[in-house]
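K.L.:
Got chain A; can you put chain B on it based on the hints?
Quick mapping for you: the protein sequence lines, in order, are chains A and B. Take the position in the first sequence, starting the count at 1, then add 68; the result is the number in my numbering. Take the position in the second sequence, starting the count at 1, then add 68; the result is the number in my numbering.
No wet-lab data here; the hints were simulated from the structure. Source: prediction; values computed, not measured. Hints should not be assumed to be uniformly reliable.
One copy or two, either will do: identical chains are not told apart, so a pair holds if it fits within one copy or between any two.
[What the hints assert, rightly or not] Taking lysine-lysine pairs in the DSSO-like style, the calculated list, with each CA pair at most 30 Å apart, reads: (1) K278 / K438; (2) K194 / K152; (3) K129 / K152; (4) K129 / K194; (5) K597 / K530; (6) K84 / K129; (7) K79 / K129; (8) K458 / K530; (9) K458 / K84; (10) K275 / K385; (11) K385 / K530; (12) K530 / K386; (13) K103 / K597; (14) K84 / K275; (15) K438 / K84; (16) K458 / K129; (17) K458 / K79; (18) K194 / K275; (19) K152 / K79; (20) K278 / K311.
Number of protein chains: 2
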Amino acid sequence: MAKQKKTPRPKAETPKGFRDYFGAQVTERAEMLRKIAAVYHRYGFDALESSAVETVEALGKFLPDVDRPNEGVFAWQEDDDDGKGDWLALRYDLTAPLARVYAQHRNDLPTPYRRYAMGPVWRNEKPGPGRYRQFYQCDADTVGSASMAADAEICAMLADCLEEVGIPRGDYVVRVNNRKVLNGVLEVMGLAGDAERSAAVMRTIDKFDKVGEAGVRELLGKGRLDASGAYIDGVGLSDEQIKRVIGYVTAKEDTASYLETPNEYDVSGKVSTELRLQSEYLRSDKLPDSVGENRIEGQFALLNHLHDLVEGSEEGKKGLDELAEIADLLSAQGYGPDRIVIDPSVVRGLGYYTGPVYEAELTFDILDDKGRKRQFGSVAGGGRYDDLVKRFTGQAVPATGISIGVDRLLAALREKGRIGGTAQGPVVVTVMDRARMADYQAMVGELRQAGIRAEVYLGNPKNFGNQMKYADRRGSPVAIIAGEDEFARDVVQVKDLILGAQIAQTATLEEWKDRPSQVEVPRGELIAKVREILAVHDRDTGAGAP
Amino acid sequence: MAKQKKTPRPKAETPKGFRDYFGAQVTERAEMLRKIAAVYHRYGFDALESSAVETVEALGKFLPDVDRPNEGVFAWQEDDDDGKGDWLALRYDLTAPLARVYAQHRNDLPTPYRRYAMGPVWRNEKPGPGRYRQFYQCDADTVGSASMAADAEICAMLADCLEEVGIPRGDYVVRVNNRKVLNGVLEVMGLAGDAERSAAVMRTIDKFDKVGEAGVRELLGKGRLDASGAYIDGVGLSDEQIKRVIGYVTAKEDTASYLETPNEYDVSGKVSTELRLQSEYLRSDKLPDSVGENRIEGQFALLNHLHDLVEGSEEGKKGLDELAEIADLLSAQGYGPDRIVIDPSVVRGLGYYTGPVYEAELTFDILDDKGRKRQFGSVAGGGRYDDLVKRFTGQAVPATGISIGVDRLLAALREKGRIGGTAQGPVVVTVMDRARMADYQAMVGELRQAGIRAEVYLGNPKNFGNQMKYADRRGSPVAIIAGEDEFARDVVQVKDLILGAQIAQTATLEEWKDRPSQVEVPRGELIAKVREILAVHDRDTGAGAP
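Next comes chain A alone, as it looks inside the complex (with noise of 0.2 Å):
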């Protein structure tokens, strides 16, 4: 016989960047795409999965990751018999493979198409802390429509959305503005026709809340070392150029400022005819004679800013006007200024866009790790891309789409204390006598068939206390417990692990009394006082079966 080589043990862990998540996570996370589907569902849109797997020239490269292995995909080449296989990819997101699929289908599909889709995808980032590589997205998109009011039904899904997940009005603002603004700003500024580097100018506005205004005058310029110690390099601009930049990014503050107060807002129809006015003036250049309050003259002091920087500039002012659109389909459904905001600091980082750009944020603190008090920011995203379908058909497309992420939106909730509750466990069937396993699985088959959470002990039975131990850690509400005494009488023990987790806290016993902890009942009525136990504690907690 052949000595067998010896191969050293493999690593127990996740690839970096990846994670695993467990029991409530993952059941939290199934319940709040759930959700959100519904509402997509109820606007009409359509399921779509498409595979995690495209080929790369399909995809495209969109990402801004302009300085990672293959652009911050994950590829690989197919092997084949010549070694000219494909270059697959996994998707880094759920809009590319959209404009694919309808390429593809565009016959057999509706026009326009509205379809919804959720699912992992994947980036090729450098791991860090709290960085992860793979990430949930739930999308909606409406392909085959140029109409702004496409744009503007999106936004007003993303509010209700957000309100559907757990996210009340006044949590939650979605920011709204129109990538030919930018545009507008960049020909301006004579950068018309130089796409490398207006996407990098791009790349660079939307680094602004890590860099800081001083970071992003150095990228803008000459180059700046990074935490890292390397060498970044700048975009070139002339003084005059990055000073206009600058101008527009910082325009920023005022909209912050502007946002701390949403919750003195009005739902009703003051706040939408403040949105309708806000765009008379997009159309007009002029103020409302109606606007005089302090409250709003900072917003249209942003947006007459906004008139200035694309002064001269067709695409500018056509994207001032889609904005002015908007506004009014959104304050026509009485979307005001407390769910969705006209707000030129929008960028989006993704290369594909075209028209209006969208970003949902999280208008509350949280404390970070040092314990510092931060606002918790953007969970949504999304915007018009009318040449991502043309890429493979030649003809213009228009689309227009968000996306959630369904993984901040679910760390936003547990911040919040508004879910992370620990699920109920199973009722636990413990083991006394290794020979009666039949018995006590007849006894779990009873329990399940009477739709009861439940499971027997598989694990060494010799130590009783382990199977409490066991219980405990499940979180179970109630032990059964029966050995040969029990079997020659036909009875069980039923213990109640909640209440004698409450006795075991209490000093005084008194209140208890009434309340047995553990009870012996005929082996018949097994059924009937285990449902009796979990009744009395759904009712202390409020809580159903689950």
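P.N.:
Okay, now just chain B, sitting in the frame of chain A:
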């Protein structure tokens, strides 16, 4: 300005072996996963979701596809600065990742650890018609229990799952075998310790359905030409050895005739008794006195054959004892051969199984592409894999579990017409006057507020016929129509599209005259009227609201 290079258009195609799922295909799968998860939960299993990406070393090489690139997985090397990044791969099942998760988190998990998981897995198989390289699995496993009760429970749960998703008793059977019995046969053949040839024999037995007896004979001996004309090397067994294996695999046919009559079985006492008799027989090697009916003699003949085949092998005898124990535990819970049978023909392709193996098969006939009747076949499988965690930790951790092939199950239900109705489309608000978009949006907003699936037409509204064609394609039950005249009179037209279609199909208009397909109602009564029409159709079809 630099001249832009023209790049060729990307092809709008799914990569070879992948596909897209639309509408009901997606929601029906989600519904099935939800139902199976509910059964797993009732049995005490907790949710786990690991990432799609694992290191190649953590996954190990257990797929039967030894002749495919990377042995059947999609793999790539991480880029890092010195070119020595980890090799990563897409998971090919949910079991290998579970072993990694358990080894990594074992100090934080209960023991035994019952978990369920669901999601896509990927296999780098040779693409072919109807063969997909991404498919869904829905698994449940118990880690840390060596008890046959864990295996019995998994088999019972599998039967419950199949009935829960709509496969009636009698249309499926769960077959149970034990790898130790197979190992016993190999030992008696003189292959003990020859891991490579043993594995090759197992893989060959597993191909019986595909290549038939003659094919297996060739593959065990000198080899054969496969369908594509490639020569497949044989295992190189002697004629005597081949005869033994053939005797083993053809014993299957007795089982097949035995299984043709599962519907005749009595669900209650008699069936359980029969399984208990099988168990006694497995233990004693003597036909119990109470067995006399022709119907089950075939099955006992098969078991008899087994005793002969493993004669002299300790491991083989241990395997038969374990099968007897599983049969006992199942019969105690009332699971008889109408649901679960002991069947020595089950192998399971994966290399990590060490004890009991299970397979669920649908027993009804379907028609294949050429209109020939054939059995639907396997939809789930699993088994005990006691060494998979040990790979990481060095310590033995027993484990057992099942994987349900959700996509095949869905195909079966579609085949039988039990799912696959078209979902009801949204109410469509048509656009007669583009300038009135805000008013149409307000209508659709009200409908959605009322919980009614609705959308406004977002395509080019010029051609009204296209709008009605769109509504038809979407399966809309109702269209709303309002133009200049209607807005002036504050009314809307509500068109019942289902009734309209019925009228169009029927020659005699008489019966419809009391139910006109289009009515005018005051704008304020829009919601009430739509509700009324939807209620009538729900009553007609017996369907509830979506």
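K.L.:
First find the shortest C-alpha distance between K84 and K129 inside one copy, then the shortest across copies, and answer within, between, both or neither for a cut-off of 30 Å.
P.N.:
both (23 Å within a copy, 21 Å between copies)
K.L.:
For the identical chains here, do K79 and K129 meet the 30 Å Cα criterion within one copy, between copies, both, or neither?
P.N.:
between (34 Å within a copy, 15 Å between copies)
K.L.:
Between K194 and K275, at a C-alpha cutoff of 30 Å, which is it: within one copy, between copies, both, or neither?
P.N.:
Classified as within: same-chain Cα gap 16 Å, cross-chain 44 Å, threshold 30 Å.
K.L.:
How do K278 and K438 come out at 30 Å by Cα distance, when the copy is not named: within, between, both, or neither?
P.N.:
Cα proximity of K278 and K438: one copy only (17 Å, versus 62 Å across).
K.L.:
What label fits K103 with K597 when the C-alpha limit is 30 Å: within, between, both, or neither?
P.N.:
Between copies only: 27 Å across chains, 35 Å inside a chain, cut-off 30 Å.
K.L.:
At most 30 Å between alpha carbons: which applies to K275 and K385, within, between, both or neither?
P.N.:
within (25 Å within a copy, 68 Å between copies)
K.L.:
Treating 30 Å as the Cα threshold, decide for K530 and K386: within, between, both or neither.
P.N.:
between (78 Å within a copy, 23 Å between copies)
K.L.:
Regarding K458 and K129, is the shortest C-alpha distance of 30 Å or less found within a copy, between copies, in both, or in neither?
P.N.:
Only inside one copy: K458 and K129 sit 15 Å apart there, 42 Å across copies, limit 30 Å.
K.L.:
My question is about K278 and K311: at a cut-off of 30 Å on alpha-carbon distance, are they close within one copy, between copies, both, or neither?
P.N.:
within (19 Å within a copy, 72 Å between copies)
K.L.:
Cα distance capped at 30 Å. Does K129 pair with K194 within a copy, between copies, both, or neither?
P.N.:
both (18 Å within a copy, 28 Å between copies)
K.L.:
When no copy is specified for K84 and K275, does a C-alpha distance of 30 Å or less occur within a copy, between copies, both, or neither?
P.N.:
within (24 Å within a copy, 38 Å between copies)
K.L.:
Can you tell me if K597 and K530 fall within 30 Å by alpha carbon in one copy, between copies, both or neither?
P.N.:
For K597 and K530, only the intra-copy Cα distance (27 Å) is at most 30 Å; the inter-copy one is 68 Å.
Going through the hint list in order, the structure satisfies each hint without exception.
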